[in-house]
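Enquirer: Here's the letter readout for the chains.
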Amino acid sequence: MLPSLFDKTTIPALQETLSFTEARHQVLAGNIANADTPDYQLRDLSVDTFQQRLKELLEGRAGRYEVESPGQLKNSEPGDDMRRVRESMKNIEFLDGSNVALEQQVTEVAKNQFLHNLSVAIMSSQFRLLQTAISERV
Amino acid sequence: MLRALDISTSGLVAQRIRLDAIAGNIANMNSLRNEKGEAKPYQERFVVFQPDEDLQSRDGAIGVKVSEVRTETVEPNYRYEPDNPLSVKEGRWKGYVAYPNIDMMSEFVDSLVATRAYEANLGVMEISKNLNEQSLRIIS
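In order, the protein sequences belong to chains A and B. Here the first sequence is numbered in the working numbering, starting from 10 and rising by one per residue. Here the second sequence is numbered in the working numbering, starting from 139 and rising by one per residue.
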């Protein structure tokens, strides 16, 4: 009963988004930690690719929000499209062969955090709606 | 809204590179040889900015990137030091040593300007983040 209750909402999609932002946060934290590592190349998870796949997954189920195993979208193999690093991030290469610009990484963390907060906010308002329906009072 | 963050970040990166160049100019104020070891005094370097088309919003707002790092070509400062092994051996400046012609005052002023510009970009980022958070409060 409970799964079908949640499937009527956007919670599974938000769940995917949250596990993606969490995974991306770890990758970006790794970039900042390696800011002074020689020859380190930036790593990232592409938000555009993730959102494209989420869209395909959701539309493939005839308009019903249904995700097979939670967090499946964040998993990606090396060489996967989702691991693409944005071109504009590659513009500066330092003499030690690394290409980490600290400011860009911190900005990406902030943007990722915003996406995370947005998903959490929508999710909690979904739960509030359910709560209202269950308790039959506003 | 998130594009504003990217644009401000490009400003941060550009100003930091400019600050690096200024630091290099002041550090090399007394460098009598160039990086190849030849007896040519250090020449001031300055960073040239240009708008970055990769960071353009649909409405025409545009980020900044470093176009090039140029090397100044000015007459060096000649000081009379005939005993110095690097002194000029013949010609008009015989016995003089060529020192880099770097004006410390303008370097310091430039570094102040770069620092203020960096801070200004940080300020804009803070405002953009606040805007984002305010928008979030609509639904929560």
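The hints are simulated quantities; they were obtained by calculation from the structure and are not laboratory data. All figures in this text were calculated on a predicted structure; none of them were measured in a lab. Using N, Cα and C, we set each Cβ at its ideal position, and we do this for glycine too. Some hints could be false.
As the list claims (entries may be wrong) - Label pairs and their computed distance ranges (CB to CB):
1) A:Gly-39 with B:Asn-215: 40 to 50 Å
2) B:Ile-200 with A:His-34: 26 to 36 Å
3) A:Val-36 with B:Asp-241: 20 to 30 Å
4) A:Gly-39 with B:Asn-268: 41 to 51 Å
5) A:Leu-111 with B:Gln-194: 44 to 54 Å
6) B:Asn-268 with A:Ile-41: 47 to 57 Å
7) A:Phe-136 with B:Val-247: 16 to 26 Å
8) A:Lys-64 with B:Ile-164: 18 to 28 Å
9) B:Arg-141 with A:Ser-144: 20 to 30 Å
10) B:Phe-187 with A:Ser-144: 52 to 62 Å
11) B:Phe-184 with A:Leu-111: 21 to 31 Å
12) A:Lys-64 with B:Glu-257: 19 to 29 Å
13) A:Ser-144 with B:Ala-258: 49 to 59 Å
Enquirer: Compare the structure with each hint and give your call.
Expert: Status of the hints after comparison with the structure:
1. A beta carbon spacing of about 48 Å between Gly-39 of chain A and Asn-215 of chain B agrees with the range 40 to 50 Å that was offered as a hint.
2. With their beta carbons about 29 Å apart, Ile-200 of chain B and His-34 of chain A fall inside the hinted range of 26 to 36 Å.
3. At about 45 Å, the beta-carbon gap between Val-36 of chain A and Asp-241 of chain B misses the expected band of 20 to 30 Å.
4. The hint said 41 to 51 Å for the Cβ distance between Gly-39 of chain A and Asn-268 of chain B, and at roughly 28 Å that hint is violated.
5. A hinted range of 44 to 54 Å is violated for the C-beta pair Leu-111 of chain A and Gln-194 of chain B, which are about 23 Å apart.
6. Distance hint check: the CB atoms of Asn-268 of chain B and Ile-41 of chain A are about 23 Å apart, inconsistent with the given range 47 to 57 Å.
7. Separation of Phe-136 of chain A from Val-247 of chain B is about 57 Å and departs from the stated range, judged on CB atoms against 16 to 26 Å.
8. At roughly 53 Å, the beta-carbon separation of Lys-64 of chain A and Ile-164 of chain B lies outside the given 18 to 28 Å, and the hint is violated.
9. Distance hint for Arg-141 of chain B and Ser-144 of chain A: a CB-CB separation of about 42 Å, inconsistent with the stated range 20 to 30 Å.
10. Between Phe-187 of chain B and Ser-144 of chain A the beta carbons are some 59 Å apart, a value that agrees with the proposed interval 52 to 62 Å.
11. A beta carbon spacing of about 23 Å between Phe-184 of chain B and Leu-111 of chain A agrees with the range 21 to 31 Å that was offered as a hint.
12. At about 40 Å, the beta-carbon gap between Lys-64 of chain A and Glu-257 of chain B misses the expected band of 19 to 29 Å.
13. Hint check: Ser-144 of chain A to Ala-258 of chain B, Cβ distance near 50 Å, so the stated range 49 to 59 Å holds.
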